[in-house]
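The whole structure should be built from the sequences, with the hints applied where relevant.
Chains as they are written, first to last, in my numbering: chain A, 1 to 201; chain B, 1 to 83; chain C, 1 to 248.
Hints listed in this document are in silico derivations from the structure and should not be mistaken for laboratory results.
Where hints are given, some of them may not hold.
Residues from chain C shown here face chain A by an in silico Cβ test under 10 Å; the list is partial [as the list claims (entries may be wrong)]: (1) 10; (2) 12; (3) 14; (4) 49; (5) 58; (6) 82; (7) 85; (8) 88; (9) 92; (10) 95; (11) 97; (12) 100.
Every residue gets a Cβ at the ideal spot worked out from N, C-alpha and C, and that includes glycine.
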Amino acid sequence: MSPISRGFVGRRQPVEASSRVPSGQYVTRDFPVLSAGPTPHTPLDEWSFTISGQVGEPASWTWEEFLALPSETPTVDIHCVTKWTKLDTTWKGVSVDTLLEAANTEAPYLTAWSDGGYTTNLALEDVTDGKAWVAYEFGGEPLDSEHGGPARLLVPRLYFWKSAKWVRGLTLTPDDEPGFWETYGYHNHGDPWLEQRYQGD
Amino acid sequence: MDALDGNAIAGALVDHFGHEMTMAEMRCSHCESTSLMAELRVYTKAPGVVARCPACDEVVMVIVDVRGVERVDMSHMEMVTPA
Amino acid sequence: MAGTALPRRLSWQLGRVVEVVDETPQTKSIVLDVPGWQGHRAGQHVDVRLTAEDGYQAERSYSISSAPEDPHVVLTVERLDDGEVSPYLTDVLMPGDELELRGPIGGYFVWEEPLGGPLLLIAGGSGVAPFRAILRHWSAAHSSAPTRLLYSSRSLADLIYRRELLDGVYHGVEVRIALTREWPDDWQGHRGRIGDELLQQVAWVPSEHPLVYICGPTGFVEAAAQSLVAEGHDPRRVRTERFGPTGT
Numbered sequence: 001m002s003p004i005s006r007g008f009v010g011r012r013q014p015v016e017a018s019s020r021v022p023s024g025q026y027v028t029r030d031f032p033v034l035s036a037g038p039t040p041h042t043p044l045d046e047w048s049f050t051i052s053g054q055v056g057e058p059a060s061w062t063w064e065e066f067l068a069l070p071s072e073t074p075t076v077d078i079h080c081v082t083k084w085t086k087l088d089t090t091w092k093g094v095s096v097d098t099l100l101e102a103a104n105t106e107a108p109y110l111t112a113w114s115d116g117g118y119t120t121n122l123a124l125e126d127v128t129d130g131k132a133w134v135a136y137e138f139g140g141e142p143l144d145s146e147h148g149g150p151a152r153l154l155v156p157r158l159y160f161w162k163s164a165k166w167v168r169g170l171t172l173t174p175d176d177e178p179g180f181w182e183t184y185g186y187h188n189h190g191d192p193w194l195e196q197r198y199q200g201d
Numbered sequence: 001m002d003a004l005d006g007n008a009i010a011g012a013l014v015d016h017f018g019h020e021m022t023m024a025e026m027r028c029s030h031c032e033s034t035s036l037m038a039e040l041r042v043y044t045k046a047p048g049v050v051a052r053c054p055a056c057d058e059v060v061m062v063i064v065d066v067r068g069v070e071r072v073d074m075s076h077m078e079m080v081t082p083a
Numbered sequence: 001m002a003g004t005a006l007p008r009r010l011s012w013q014l015g016r017v018v019e020v021v022d023e024t025p026q027t028k029s030i031v032l033d034v035p036g037w038q039g040h041r042a043g044q045h046v047d048v049r050l051t052a053e054d055g056y057q058a059e060r061s062y063s064i065s066s067a068p069e070d071p072h073v074v075l076t077v078e079r080l081d082d083g084e085v086s087p088y089l090t091d092v093l094m095p096g097d098e099l100e101l102r103g104p105i106g107g108y109f110v111w112e113e114p115l116g117g118p119l120l121l122i123a124g125g126s127g128v129a130p131f132r133a134i135l136r137h138w139s140a141a142h143s144s145a146p147t148r149l150l151y152s153s154r155s156l157a158d159l160i161y162r163r164e165l166l167d168g169v170y171h172g173v174e175v176r177i178a179l180t181r182e183w184p185d186d187w188q189g190h191r192g193r194i195g196d197e198l199l200q201q202v203a204w205v206p207s208e209h210p211l212v213y214i215c216g217p218t219g220f221v222e223a224a225a226q227s228l229v230a231e232g233h234d235p236r237r238v239r240t241e242r243f244g245p246t247g248t
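Structure representation (structure tokens):
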């Protein structure tokens, strides 16, 4: 056990609303930027969002088409596996239910994939019934590229590595296929309320 | 987000290999180019540390602390100088 | 027991703060006594680890800014406003406090007298820290390698080691300063960011095969390295160390 550094507390703040903060997390007012690689910069006229894989009807939208879809403005708490929690974050985006409406799928799983090669796996039931969005605004402003803009997946009920930045599509799959962090040891499901940080938790 | 370089993970590499590694040369499995470990592009602000090939930017090494045990995955590189 | 070639595992050691020196409003040098310190090479760094009462830990790397010949281990720390470790080191740490560290670490970004020169050191902001170790070692070892330091800083007030550098403490080293945001009216050094032209002025020609070390924020380091390589310098003789954000 290391000796205590006199007076060191770190960036953490006392937990004010503990029923909203999962075990092992601390509340932050910042919005830390985490990344596994360089920030992609896909021009909007080359951007598209695609639903594919085990679906009856694949679908794809250009940026203009995407912005024309019905949107929602969820306010949610987000929890990063690196232990920070940010309360009451505000977003604007398209519900994944809307995106899957015409897809006609019964595939139990999907992989979200992004510019730059990042992937993460999810169960269909984790992203339907109002639980997930593809968001393009944060805090009333267009989503910053370092936070995943032009658009990122937003799945607040799971650890935030599942909310893939720079998302470009969802591929429906019959099996649960580990994505980037899952392959390196992070949990396939990632429920912060069960502290599912690593495989086997 | 700007990458750091292999100097930023020099301590972690010593921990794992038992000796100084920044001068060791590796070959990227994606593009076959060689570089020193010190020259890797390293992203440390993440759920783990991700090191990318400076030539092609593909992932060559990932370090994740799983329940207190550091796992170093080097499946996308091979050491040219023996580790 | 100096001079053994056995590889050592790094273990955490406890240093005791001897002095905290104000370098600039944002930067301090922390002078440490580290019992059992086995020495280091100029350019190496240490990992510093802080532990809170509940066991929470945070770890960061800092270049050693003292020479191997100096009596204490010195770390120069720039306070990042949104940092977690640097504000503790610059605002809270006091003489008498203990600091957990491990090192020395690094074999790539190292200069030792036998390597010779010509030697070109290019620093952006707090990237100058490892170069103080190199310059002090250069002096202590009575090196005759022609050496130049090109150092970019926002202003005179932000110039780390200002006294040492401007007073010419390192006799024989050519020191060139670029101030990027503000400068005195009678400023004789470079005004504005370091660009290709200034680099070419300060660097030796590629045929002289200088050893080049560049340290600072990623963008600064990459721009300087690319410029020199484009001029014909051997990339294998250009060593880089990227820091996180710092004031250039």
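How the hints compare with the structure:
| no. | hint | in the structure |
| --- | --- | --- |
| 1 | 10 | violated (14 Å) |
| 2 | 12 | holds (7 Å) |
| 3 | 14 | holds (7 Å) |
| 4 | 49 | holds (6 Å) |
| 5 | 58 | holds (6 Å) |
| 6 | 82 | holds (7 Å) |
| 7 | 85 | holds (9 Å) |
| 8 | 88 | holds (5 Å) |
| 9 | 92 | holds (5 Å) |
| 10 | 95 | violated (12 Å) |
| 11 | 97 | holds (6 Å) |
| 12 | 100 | holds (6 Å) |
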